[in-house]
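Residue numbers (the UniProt record's numbering): 1 to 158.
Among these hints, one or two may not hold up.
[To be verified] Cross-link-like lysine-lysine pairs, in silico, DSSO-like; alpha carbons within 27 Å at most: (1) Lys144 to Lys156; (2) Lys138 to Lys106; (3) Lys156 to Lys67; (4) Lys156 to Lys4; (5) Lys138 to Lys4.
[Unchecked claim] Here are the in silico distance ranges between beta carbons for each label pair: (6) Ala108 to Arg37: 38 to 44 Å; (7) Val112 to Ser71: 40 to 46 Å; (8) Gly51 to Gly21: 35 to 41 Å; (9) Gln20 to Gln42: 18 to 24 Å; (10) Ala66 to Glu158: 18 to 24 Å.
Note that these hints are calculated values from the structure, not bench results. Ideal placement from N, C-alpha and C gives every residue a C-beta, glycine not left out.
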Amino acid sequence: MQLKASTDYGMRAILYLAAQGTTCSSKDIAEDMSIPRDYLIQLAQLLRNAGIIEARPGKHGGYRLAKEPASISMLEIMEALDEDAKQSTRARRNARKDGAMVQGVKEAYELVGESMSAFLSSITVQMMLDCVRDGESKYVFLSKRLEEESRRLAAKAE
């Protein structure tokens, strides 16, 4: 799965802030994480509006996490960065007329979306940081998360 640039850059910025554990300038984040600075500032506004980061003005200002890394999920970040697009897409979809086949496909998509949302909401920034720091265990980590989500879906079907 290829992430949109906004999601990729936003995740990089959040992981950088989590790793640093302090207020960081937009210049440092942009340079260290290879993010265009003007774009970073736009994304930071969305993340700030969602309560994920805080902005500190002034000479020694910058950005820092508004919450502990263990309490910020990947889903929360992705939704913050994609909120505008979701609302317009939802409005277009609701305006369409649907046949029986389309309705069945939509239900299948909803199940996939629900599963992806549950999976992404179970992965926190702290987990991602741990995964990055310990590269060998990343496959074990992700496979455990997928197993947990598979069990949740199976239990729901029963």
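Each hint, compared with the structure:
1. For the given pair, Lys144 sits about 19 Å from Lys156 by alpha-carbon distance, which is consistent with the 27 Å threshold.
2. For the hint pairing Lys138 with Lys106, the CA-to-CA distance comes to about 32 Å; that exceeds 27 Å, so the pair is violated.
3. The suggested pairing of Lys156 with Lys67 is violated, with an alpha-carbon distance near 31 Å, which exceeds 27 Å.
4. Restraint check for Lys156 and Lys4: not satisfied, since their Cα atoms lie roughly 31 Å apart, outside the 27 Å limit.
5. Using a Cα cut-off of 27 Å, the hinted pair Lys138 and Lys4 holds, with the two alpha carbons roughly 22 Å apart.
6. One distance hint, 38 to 44 Å for the beta-carbon pair Ala108 and Arg37, holds here, with the actual separation near 41 Å.
7. At roughly 26 Å, the beta-carbon separation of Val112 and Ser71 lies outside the given 40 to 46 Å, and the hint is violated.
8. The given range of 35 to 41 Å is broken by Gly51 and Gly21, whose C-beta atoms sit roughly 18 Å from each other.
9. Taken as a hint, the range 18 to 24 Å holds for the pair Gln20 and Gln42, whose Cβ atoms sit roughly 21 Å apart.
10. Judged by the Cβ atoms, the range 18 to 24 Å given for Ala66 and Glu158 is violated: they are separated by roughly 39 Å.
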